[in-house]
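From first to last, the protein sequence lines stand for chains A and B.
Per my numbering, the first sequence starts with residue 1, numbered consecutively.
Per my numbering, the second sequence starts with residue 1, numbered consecutively.
Take these hints with a grain of salt, some might be off.
The calculated lysine-lysine pairs, modelled on DSSO-like cross-linking and capped at a C-alpha distance of 27 Å, are [what the hints assert, rightly or not]:
#1 B:K186 x B:K22
#2 B:K22 x A:K44
#3 B:K186 x A:K44
#4 A:K44 x B:K51
Simulated from the structure, these hints should not be mistaken for laboratory data.
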Amino acid sequence: MSTYNAIRYNNPYTNAGSLILLSTQTASASTSISFTSGIDSTYKEYLFIFNNLHPATDGTPLLFNLSTDNGSNYNVTKTTTYFYAQHSESGTGASLAYDTGSDVAQSTGYARIAESTGADNDQVSSGYLHLFEPSSSTYVKHFISCFNCYQSGDYSLASYSAGYGNTVSPINSIDFKFSSGNIDDGTIQMFGVVS
Amino acid sequence: MSTYTDIRYDYNLPSSVGGAMKLISEQTASASSSISFTSGIDSTYRTYMFKFINIHPSSAGTFTFNMSTDGGSTYAVTKTSTFFYARQNESGTPTGLSYETGYDLAQSTSYQILTDSVPVNNDDSASGYLHLFNPSSTTYVKHFLANMNNTYSIECFITGYGNTTSAINAIDFKFASGNIDSGTIKMYGIA
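Take these sequences, add in the hints, and give me the full structure.
What follows is the structure, given as structure tokens:
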């Protein structure tokens with residue numbers, strides 16, 4: 001005979017939704033925001049959503065890096081692409097361009113994912129980043145990101161970056177920071193994507 | 001004695017059950033002049049996502065959107081945006097990737113274009129999605145990211161911000177001219 005417990009748990013709850021919220025972090029004059037737990041083989045895809053990241057320093061791009069040692073070091077070798085579309089509030093400067101200064105080639109340094117956000121009171125960046133199968137011990141670790149930035153020169157600046165961590169070691173931590181100064185405000189949420 | 005109904009509902013599900021992406025509202029067009037979402041956009045969710053499924057016009061035109069800070073009485077939020085596209089005709093030409101200066105906005109209250117002109121053949125339509133970030137913020141601008149495809153094929157990439165620190169509480173979608181003959185728009189909240 002079925003027990004109450006059997007009834008409770010005999011449902012495929014984990015498949016009920018496509019996104020599972022794993023962690024939310026809110027910046028408050030934070031030097032960086034790291035996720036050092038929850039990135040494992042549970043999900044084949046992770047989604048990070050960035051809401052209203054506000055820099056302490058005017059005109060600073062948002063960067064990220066990966067770790068294979070639980071956050072002791074963020075220095076995974078990466079190769080990336082980076083292009084942007086921009087348009088100013090005055091109606092000038094509309095363009096679409098690849099930015100060779102913002103990509104990286106086999107670099108262990110932090111990689112740019114969003115443009116130079118302004119520090120005016122209402123200026124922020126928002127967007128998302130997908131990280132694919134970070135726990136693989138066979139393949140490289142692909143990521144795809146898209147952001148829109150209220151740029152320091154009063155531009156709407158969209159940035160599209162993609163690339164891969166060129167390692168077959170599992171990725172178990174990720175770090176986000178501005179190129180200089182703190183993350184004054186904003187949230188980053190980490191979701192597991194149910195296959 | 002407990003009934004089956006008691007058993008079904010006398011249990012608080014874990015917060016993760018059902019996932020972090022919730023369908024809030026779904027609207028299906030039927031010769032509709034526009035589709036508006038005037039409720040459900042609030043501080044409950046940080047991020048909202050709209051899915052556009054086979055939006056079909058009554059006359060060829062661009063599909064557009066605007067936002068409201070007064071519950072939908074007016075759709076006239078100031079926006080600055082970017083717009084670029086990748087395209088290839090069914091005949092294989094022309095192809096290209098290009099910024100479209102005619103479809104972006106600079107501090108304009110006009111509707112933002114989300115697609116190139118969608119044709120009106122029976123099988124023509126546009127589909128895609130739009131993310132709206134933290135619409136209830138009273139501190140920051142309101143970023144949006146959109147990605148649409150319409151028959152030709154033209155994939156459109158649109159981003160920008162509503163340049164207001166007032167909370168956004170309604171959003172409106174329509175073709176630049178004519179009705180939305182058919183199609184579905186779904187609004188989701190993401191944790």
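Here's how the hints hold up against the structure:
no., hint, verdict
1, B:K186 x B:K22, "holds, 10 Å"
2, B:K22 x A:K44, "holds, 21 Å"
3, B:K186 x A:K44, "holds, 26 Å"
4, A:K44 x B:K51, "holds, 23 Å"
The structure fails none of the hints (numbered hints given earlier).
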